[in-house]
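Trainee: Sequence:
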Amino acid sequence: MATQTMIRRKLRARRKVRTAAGERLRLSVYRSSKHIYAQIIDDSKGVTVAAANSAAVKTGTKTDTAAAVGKALAEVALSRGVKKVVFDRGSYRYHGRVKALADAAREGGLDF
Numbered sequence: 001m002a003t004q005t006m007i008r009r010k011l012r013a014r015r016k017v018r019t020a021a022g023e024r025l026r027l028s029v030y031r032s033s034k035h036i037y038a039q040i041i042d043d044s045k046g047v048t049v050a051a052a053n054s055a056a057v058k059t060g061t062k063t064d065t066a067a068a069v070g071k072a073l074a075e076v077a078l079s080r081g082v083k084k085v086v087f088d089r090g091s092y093r094y095h096g097r098v099k100a101l102a103d104a105a106r107e108g109g110l111d112f
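Position 10 of the sequence shown, counted from 1, bears residue number 10 in UniProt numbering, the numbering being contiguous throughout.
In short, the hints are calculated from the structure, not lab data. Don't take each hint at face value.
Derived DSSO-like pairs (lysine-lysine); straight-line CA-CA distance at most 27 angstroms [claimed, not checked]:
#1 K62 <-> K34
#2 K99 <-> K34
#3 K10 <-> K83
#4 K71 <-> K16
#5 K62 <-> K45
#6 K58 <-> K16
#7 K71 <-> K45
#8 K83 <-> K16
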């Protein structure tokens, strides 16, 4: 039951992201119990433009680590010429680690 709920929530969020995206790239987030991963995807070409994860960045709590991942992703994206993205939270609610990552990416210079 919980898995079906997560899948429905993920598809609902992804549908809204795709309709709002236009020509923007998608910043996708995956959260496991230990790590958090983020990547910027060009859906028209099917390629990953930039990626960052918490396995490489370890600072304090999980929320601090998520913020560091967001900042690192923003740096990589800006170096590759990506400024405007649309945020894809997947099946996760927008709070805690996911929100910390998004806020840090915004502070790092990404526009969404």
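Trainee: So, for every hint listed, does it hold in this structure?
Mentor: Here is what the structure says about each hint:
| no. | hint | result |
| --- | --- | --- |
| 1 | K62 <-> K34 | holds, 8 angstroms |
| 2 | K99 <-> K34 | holds, 16 angstroms |
| 3 | K10 <-> K83 | holds, 25 angstroms |
| 4 | K71 <-> K16 | holds, 25 angstroms |
| 5 | K62 <-> K45 | violated, 32 angstroms |
| 6 | K58 <-> K16 | violated, 32 angstroms |
| 7 | K71 <-> K45 | holds, 25 angstroms |
| 8 | K83 <-> K16 | holds, 20 angstroms |
Hint violations for this structure: numbers 5, 6, all remaining hints satisfied.
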